[in-house]
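**Q** Listed below, chain by chain, are the residues.
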Amino acid sequence: MATSDVATAGAGAAWCDRCGEPAGVGEHVACRAARELEPPRYCAHCRRRMKVQVLPVGWSAVCVAHGEIRG
Amino acid sequence: MPEILDQARSQVLENGVGLDEAGVLAVLNLPDEHLPAALQLAHDVRMRWCGPEVEVEGIVSLKTGGCPEDCHFCSQSGLFTSPVRSVWLDIPSLVEAAKQTAKTGATEFCIVAAVRGPDARLMKQMREGVAAIKAEVDIQVAASLGMLTQEQVDELVDMGVHRYNHNLETCKSYFPNVVTTHSWEERWETLRMVRESGMEVCCGGILGLGETVEQRAEFAAQLAELDPHEVPLNFLNPRPGTPLGDRPVVEGKDALRAIAAFRLAMPRTILRYAGGREITLGDLGTRDGLLGGINAVIVGNYLTTLGRPATDDLKLLDDLKMPVKALSATL
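Chains as they are written, first to last, in my numbering: chain A, -1 to 69; chain B, 75 to 405.
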C-alpha cells in the first residue's frame, strides 16, 4: 500500500492515472487539475482500470497487478 | 429594486408562500447587478423559515458503477465508456465511513447505490449495513437506491431508514434528453410511495445538463409541487466518457441565481449543496450560496469524485456563525 501522488506528474509513471494515455505524451495539465478533485482511475504502471472506492474521507484504488493505493 | 424581489419579499419572506414558475423565472433572469439583493432576500427567507442551523451530511457509495441506466451525466452507467469500474463496499468499511462522517458533526449519512432499483442482494446488504451502523454510530441513516417497489419501501422503513433520496434530476420536459431508460413519471411514483410511507422525501437534481433557463424554472416549480423535505442541488461536473462529458460547467453567477430562485420557490425546505459546487462556485461562491439560501451541505467526498475537506466547510460555517444542526434536532 502506498500513498498516491498525482501520477501524471509522478516520477516513473508510464501512464496518466486520470485519462489512461501515455504520461510522457503531452502535458496532462487538465488531468492534473482534475485530479485535485478526483481519485485515479488508471494504474500508472500498467494502464489497467482500477477498482476505486471513494469514501467520505479518502479513497482506495486497486490494480489487479500492482495492488492498492490510497489517498 | 426589481418588482419580482418586492413581490418575493411580501409573498415569500413575510408569508412563507413560495414563488411560482413565472416568479422563479423572473429571478433566474435578474441582471447581475440585482444578484446580491436576490441572494440577501433568499438568505432572509432561509433564516426566517428554516433558521440559522445547517444540516451536515456525508454520503457513501455502497455499490459503484455498472448501472444499467443511461443517465447522461453519470460516470457510473455501464452503458458509457467511463473509466469507473463496478465495486461493492463491505459492511465493516460502510460502518467505518459512517463513523468518519459522524466525527465531522454530521447528523445524516446517506447510503447510495448505482442501480435502477435494488435487488435482493442489495437489500440484504442494506439490512445488514443499516443494522451495523445503528449499533455503533449515532447518526441518521438515509438511502438512495433508485426506483423502489412498495415492498422495498416498507422494508426500508422497517430498517429505520428515515429519509430516501431519489432525484428527479431535471424538469419533466427536459428529462427525456437526459435519461431514456426510464421515465420521469417512474421516478415520481417512487417518490409518492416514499412520502406515503412516512420516510422523509429527499429530491433534487442537477443544473447545467443543457436545460434552458425556462426549464430550470419549470424544475423548481415541479419540486415545489412535490414539496420535499430536502432538495439537494447539484451542478454538473462533466465526467469523461459520458454523453455530457464535454458540457461547460454552470457559470458561478447563474448557479447563485439558481440557489436564490430555488430558495424563493421553497422557503421551508432543506436546500443542500451537493456535487459540483467546488468547480462551479469555488470557495468564494460556496460562501455566497450559504449566504443566499443554502442551509445544508454534503461534507467530504462524493460518490466517485472528491470534495473539499470537511474541516474547510466546518470552518466556513463557524466563520459565518451558522451552527451545525444537532442530532437531537433531527430526531
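Hints may be right or wrong, so weigh each one.
What the hints assert, rightly or not - Here's a subset of chain A near chain B, in silico, CB distances under 7 Å, partners left out:
#1 Val23
#2 Val27
#3 Ala31
#4 Leu35
#5 Glu36
#6 Arg39
#7 Arg45
#8 Arg46
#9 Gln51
#10 Val62
Claimed, not checked - A few chain A residues that don't get close to chain B, going by computed Cβ distances all over 12 Å:
#11 Gly18
#12 Gly24
#13 Arg30
#14 Ala32
#15 Ser58
#16 Gly69
Since the hints were derived computationally from the structure, they do not count as laboratory data.
Quick reminder that beta carbons are idealized off the backbone N, C-alpha and C, glycines included.
**Q** Does each hint fit the structure? Answer for all of them.
**A** Evaluated hints:
1. Val23: violated (17 Å)
2. Val27: violated (15 Å)
3. Ala31: violated (10 Å)
4. Leu35: holds (5 Å)
5. Glu36: holds (5 Å)
6. Arg39: With Cβ-Cβ at 4 Å, under 7 Å, it holds.
7. Arg45: With a closest approach of 11 Å, the A:Arg45 hint is violated.
8. Arg46: Violated, about 10 Å.
9. Gln51: Holds - the Cβ of A:Gln51 comes within 7 Å of chain B, reaching about 6 Å at its closest.
10. Val62: A:Val62 check fails; min Cβ-Cβ to chain B is 10 Å, beyond 7 Å.
11. Gly18: violated (7 Å)
12. Gly24: holds (15 Å)
13. Arg30: holds (14 Å)
14. Ala32: Non-interface label fails for A:Ala32: nearest chain B Cβ at 9 Å, not farther than 12 Å.
15. Ser58: violated (9 Å)
16. Gly69: violated (8 Å)
Checked against the numbered hints given earlier, the structure breaks hints 1, 2, 3, 7, 8, 10, 11, 14, 15 and 16 and satisfies all the rest.
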